[in-house]
Amino acid sequence: MYKLLLTIFFNLPFIISPQEISFTVNNPNLQEIISEIESQTDLKFAYGNDVNPTTKLVGRFSFEKENLDEVLKQLSRRTPYNISIIGNNIAISVDSASKKSEIEKSEIQFLVVGNVTDANGLPLPSVTVQEEGTSNGVLTDFDGNFSIEVGSDEPVLVFTYIGMQTLRKTVEGNTTMNIQMQEDKQALDEIVVVGYGTQKKVSMTSAVSTISGDDVAERPTRNLSSSLQGLAPGLTVVDKGGAPGSANIAVNIRGVTTLGGNNPLVIVDGIEQNLNDVDPNNIESISVLKDAASTAIYGSRGANGVIVITTKRGLEGDLKIRYNSSINFQNLVTVPEHLETEKYLRLQNIAYENRGSDALYSEEQIQSYISGEDRLLYPEPNTWYDVVIRENAPMQRHMLSISGGTEILRSNLLMNYFDQQGLYPNQDSQRYGIRMNNDLKLTESLNLKADINLSRKNHSSFNNQENVYHRMIHSSQFTVPRFPDGTYGLSRQGHNPLAWTDPAIVGSTEATADAALINLEGSWQVLDGLTFRTQYGIDVNKFSSLTNIPTYEIRDYFNPDLVKKRNNVNSLTENRSENLQKTWNNTLTYELEINSHALGVLAGYSEISNDFKNLSANGRDFYNDDLLDLSLGDPLNRYVASSYTDWGLRSFFGRLNYSFMERYIFEFNMRNDGSSRFPEDSRYTFFPSFAGAWRISEEKYWEPLKSTINEFKLRGSWGETGNQNVGLYTYFENLNIANYYVFNGIPVTGVRQTNFTTNDLTWETTTQTNIGLDMAMFNNKFLVTFDWYNKVTEGILLNLPLPGIVGLNPSASNAGSVENKGWELQLNYRNFIDELSYNVTFNISDVNNEILDLAGTGPFFSGQDDRLIRKVGEEIDALWGFRTDGYYTPEDLESGYPTLAGDAQPGDLKYVDLNGDGTINADDKTIIGSTIPNYTYSANIELGWRGFDFLMQLQGVGKQDMSINGAFIEAGSWEGFTPEIAGDYWTPDNTDALFPRPQKQTNKNSWPADRWVVDGSYLRLKNLQLGYSLPKEFLEKINVERLRIFIGGTNLYTISNLTDWGIDAESPTGRGDFYPTTKNYTVGINIEL
Amino acid sequence: MKLSNLLKKTLLVTLFISLSGCEADLLDTYPKNELSNANFWVSEKDAVSAVNAMYAFLPGYSEVEWDRFSDIATTNSPAAETIQIEMGEHNSSTARFTSNWNEGYSAIRAANYFIENVDKVLEAEPSLEEEAIKRYKAEARFIRAFFYVRLVMLFGDVPLITQILDEAEARDQTRTPQEQIWNFVDAELTEIANHLPNAYTGEDLGRITKGAALAMNARAMLYAERWSEAAEAAKAVIDMNEYSLYPNYGDLFSYDGQNNSEIILDRQYAPAVSSHNFFEQSAPVSLGGDVGISPTRNLADSFETVNGLSISEDPAFDPLNPYAGRDPRLDHTLFIPTFSDDVPGETLFNGRIYDPRPGSGTGDEVEVDFFRTKTGFSMDKYINEEDMIDPGNGGVNFILIRYADVLLMYVEAKIEAGQIDNSVYEAINKVRGRVNMPSVQSELGGTELLEIVRQERMVELALEGLRFFDLRRWRTAEEVMNGAIGGMDYIPVGEATELSNISTLLYSGTLRSFDSGRDYLFPIPQQEMLLVPGLEQNPGY
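Quick note, the sequences are listed as chains E and S, same order. Under numbering that gives the first Met the number 0, read the first sequence as residues 0 to 1088, first letter to last. Under numbering that gives the first Met the number 0, read the second sequence as residues 0 to 540, first letter to last.
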């Protein structure tokens, strides 16, 4: 590898900045001259919207080794523009002197003077300041100052600058204006962060979506994953809710490529990190790398896409203090309506009778339930949504940052605090963090970055919280939540979801996670254009938890002598783990521009090592429930367990890009990864990618179109990436050692093989082809990005079920292949009408998944009652079950139509005998739906008017199957929540009902079947926010830079068929073993000093 | 920029990377919590540790569950999967079948692996006596035979695999006719009996003995209907003079009775280190249990009166005090329920009276919730007072083969073989005599005697997981396994103890269905059928 570096070194040509310009053109347009000069110098042209680059110039322009200054002087004279060097740019502006004469002389009323700065307060030179509706305009000077004489009654000044958002300001009698311009994030010369570097957006060849830090910070969510929802096409975030301190959010890029984990790699400032460990307030930019051209440089970790995040750094200038704070109030998104009590009781009686039993409830009892006079004896069927779920459970976020610096040292210090209470009682979590980013300039060519990030998460909850929601809808009907004396009631199956939230009954867990990340980076500009960077990151994560299970007794309220539920022996479990990940990255980059040729080379070397240790200990039978010392338990009843695992990754990588006139662009990426997860002789794998782009809009023949379609670029890429989702040590033939048995009361050590061993494992390889299109229209106000891709993953690591007769647990093997074909479209339009500015973004993407191969095996089933299938030719985890054809009629049964249950009756679900063999069994099952959402879309609408800002995000899925399971389809057969729609059930007089004939304690109508797969498409008002920034004049008096207050909410409104079922469109399917999704109301404030 | 300067800078960068040092062994990781097969099998200790792991395959208290699929008990929770099997609604995807199949072959694989590798120990440690290795191997071969017996009982013909298989070999397997498997089992168990000691002491107590091998063979041969082999094997156990009936039937299943003279093989447990929660799962509610299993009226009624007559035959039987004057084993098998206000039930360990009558208001009241008995009866066997405090941490051993079973197998095999002699009566009367039940008279014919020994197995071995298998080999399940399940007779709370007031419980929540054309065998699991194409499904599935 050193050899590689040296080779690159010695092949470097030297750069000479040309001092002189030579070219000859006849009757050119301005653009041609710009291109000539740009190609011969290091300088770039900058100009505002009022300069038309297609302006035809008359005559012959001929220069022979002319000094640049002289050339520009001549051009200024011969064009209607002022052309001069400002910093590294050549600024073209409308020649104010020549224009002044055109201004209506009589209208000059007063002189406005002012200063223009960027968001960080740095002066902006060469900003075009123009009086709206006139050709009257000036440029700001080097310090950002301007002075302009304005005419009309209520003049409006328009400030334009490339890369900044155009700003309109009414003069309103002010003679002094201090203007701050905001960066225009969408501008085409935007810099995009990519793997191990940055690229100009115009010269990108790959499919990368960018998200600005501000967009993420604005969303009052509980973590970064949920903030990302709907912000980039192809980035799918399904927020399935999350209890305080945990999150059930699925993030994937471009579909499900593998049968194992599909999480993208997350790189924060060069170091792999957990997405949710990053404070959304501290993000400068996020790049979502989607195609192989952008991800191949991450090699074996790139197959699921990569999210590259950079955090905010200090800027030169005065200290800036920012404080953001918001308070959210969390509520359930969906509260299902229970079937009315009387109807439910009568349904129950019919269900019992249909089973052959007597009706359970007498008329007298039914009346008692209805009257509700004695709710202790006649409780309502299901009150858990009122009793267990808290209303407006608070969640708050605070962030304080101080940043600033000198030329030598710049710092950004950020502290944050987050507190979330649960939807259930006795549950909360806090997160504290402090991050300090420092930039030190040692010499002109030596720079140092030193970043420290410390965080602590606390989490406190009763145990088995996933049991609560499950029990609210299952097996807890007719239970008194709490009797007047505090006694918990218990259902017929011995449950009470409220009691299951009580730490005195189910016990509690206190968990703490501490993380420390130290990230040091040095860069040395060896030569002009040649930079060496080395980065060392240490990430330590410590986790500890303490779980206690107390003793308790739940007695019968009416007969206190009777203990209905109890735990006689308490216990304590302590768990500690530590994860240490060390990353060492070295890169050497070289950039060269000669004439119209631009070359970029990157060579890199990286090492990652990971060590994980875990220790857990358990004790039982403590003197009382308050003791938290493991050594005080029963000495004969203790256990201890520990584990220690490690892995390493050694990589060589590189990138080569070349562009000609920024018109034809070519890029090559590669990585050679070696991993400890594989045996020595098959350890290294090479991942290459190629990409190219053609900016057709830069071609001469595009010129007539240029003013409408400003940018038109075609991109294409192909490459390979890998997935390191392989278990550790799989190639060792290991023998498990454990205390397997006791003889005569004495434990003995046992040793045996438990897992099948495979020696020939290798990476999963994803080959991806991407074709993309970038387009900008109407002065870059309308932007279109479209991508089509085909991703084929081969050698998927699969725990192929072994035949049971092999007698070992299966281990992973490279078997099978999955294809994802999809497309992504992003449209963005921004403009303003008077003082109302608007910015609308629409994203839509679709992906189709197919299992191409399972190494000749399969199909494989998973889920309760084999409801999911993996089968060649079908989607991953397609829904598997019976087809139904309404309900059995008496004629069906008389004619001997086959049934699944022996006791099938008219009104039971009629399962179709698909194979016509006269019986209904597993062979009649077929694919009845998909678990992958299609047409995922979102629309983001941002409006600004005077001090007000408004944000609305609509998000949805166009096509999705929802397989309903559990109480909602059992409809009273068991002791579950019975939704209102279940009142429409089959009776001989109502044969066209929504639900089959009720029968107690049978599953015959609730097997996986197409009847219970419903349309799960939805459109949801994901985010809504209205903010108001107080006027500057007022703020100046109190010495505040910015003060904004806002209100908003998430998941406020949903359009979906599932609403009838009382099921949230984003909730997981299943029997309710999850924490339900929430909707939030938010109020907040942003202050900047 | 001069070339030499550039060279210097290049060297500097190179030097930096070399000096910072690549971690040389970055990619050379190895597991720290497991042993490697490569450096195992070098000492006797390795052989012992490896054979120890075999024992974890022995089934334990969950054996009781088998009787839920018989006429003497039913699953308590209406939501359990086992209900599907009781109701005949099971199919080849029912999870229980997959786990039965896989558990069996996991044990067989482990035994085969051991048998193939353990000789390496002899090479590494030549001073080791070959006899010791033979014994260890015999222990593993027993486990293998045990699971073949189990698999044939459950599934019929199954692939006979006697060495470790890789995946490709496994895919080529077909079902071996059970006759061949019985041959294999017979040969194995007969041979290893010679390698195993009669008994162990101290820290080895609980290991597989010669008696276990022979008794297991008797069980297998009885199932195979190879009567003379069965009788011979049982006789061999009897002739060892190693075993005797434990005098106190009730204590057999208690902590006091562990490792007693009647036990031939058991699954050993100990609190904390290798515990079970049988008490928590199975004890009556008022003792703090969840009543996992409801014994049926069929079982309760099958216990004779002290006069050795069935309750329908004995004029001394008093329907108004139905549990008085009965075979003493009734009291040790079930908790006697309260019959009427005047005839209280058994006093439980905590002083409460077991009163499951509807309306009794006790924790044991029938069918108030899912965890109450469905029939009024509750399991007493293996429910020990010691476990009441910490019901999830029990340590009483579960008996897999005991001497009484061997005696009754001997009796049955001899009758079936047409070799009724004095030893037959002696054996059955030993079992009856222990609980002071009248002897069986020697003038009875074969058919009647067979009836008697079957009845004797039902009550002697009730709720030990054997009834289910007995019904299968007798092919009598369809006679007793259909329809609603009978519960106890009782006189409702507050009513006088009079014949006219007797109520009878009938549990119709689980309507049983047994298809004699299908249900004597379980289906081969769906997944296995897909993975091993040569397997054929059992009839009816």
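Honestly, the hints are just simulated from the structure, not real lab data. Note that beta-carbon positions come from the ideal geometry of N, C-alpha and C, so glycine has one too. Keep in mind that a hint or two might mislead.
Simulated DEER-style distance windows between Cβ atoms [claimed, not checked]:
| no. | chain 1 | residue 1 | chain 2 | residue 2 | range |
| --- | --- | --- | --- | --- | --- |
| 1 | E | Leu993 | S | Glu477 | 37 to 43 Å |
| 2 | S | Asn38 | E | Leu713 | 57 to 63 Å |
| 3 | S | Arg472 | E | Gln364 | 30 to 36 Å |
| 4 | S | Glu312 | E | Gln364 | 28 to 34 Å |
Here are the simulated lysine-lysine pairs, DSBU-like style, with alpha carbons at most 30 Å apart [stated by the list, open to error]:
| no. | chain 1 | residue 1 | chain 2 | residue 2 |
| --- | --- | --- | --- | --- |
| 5 | S | Lys7 | E | Lys448 |
| 6 | E | Lys612 | S | Lys8 |
| 7 | S | Lys119 | E | Lys581 |
| 8 | E | Lys199 | S | Lys119 |
| 9 | S | Lys31 | E | Lys440 |
| 10 | E | Lys581 | S | Lys136 |
*Numbers of the earlier hints that this structure fails to satisfy, in rising order*: 3, 4, 6, 7, 8, 9 and 10
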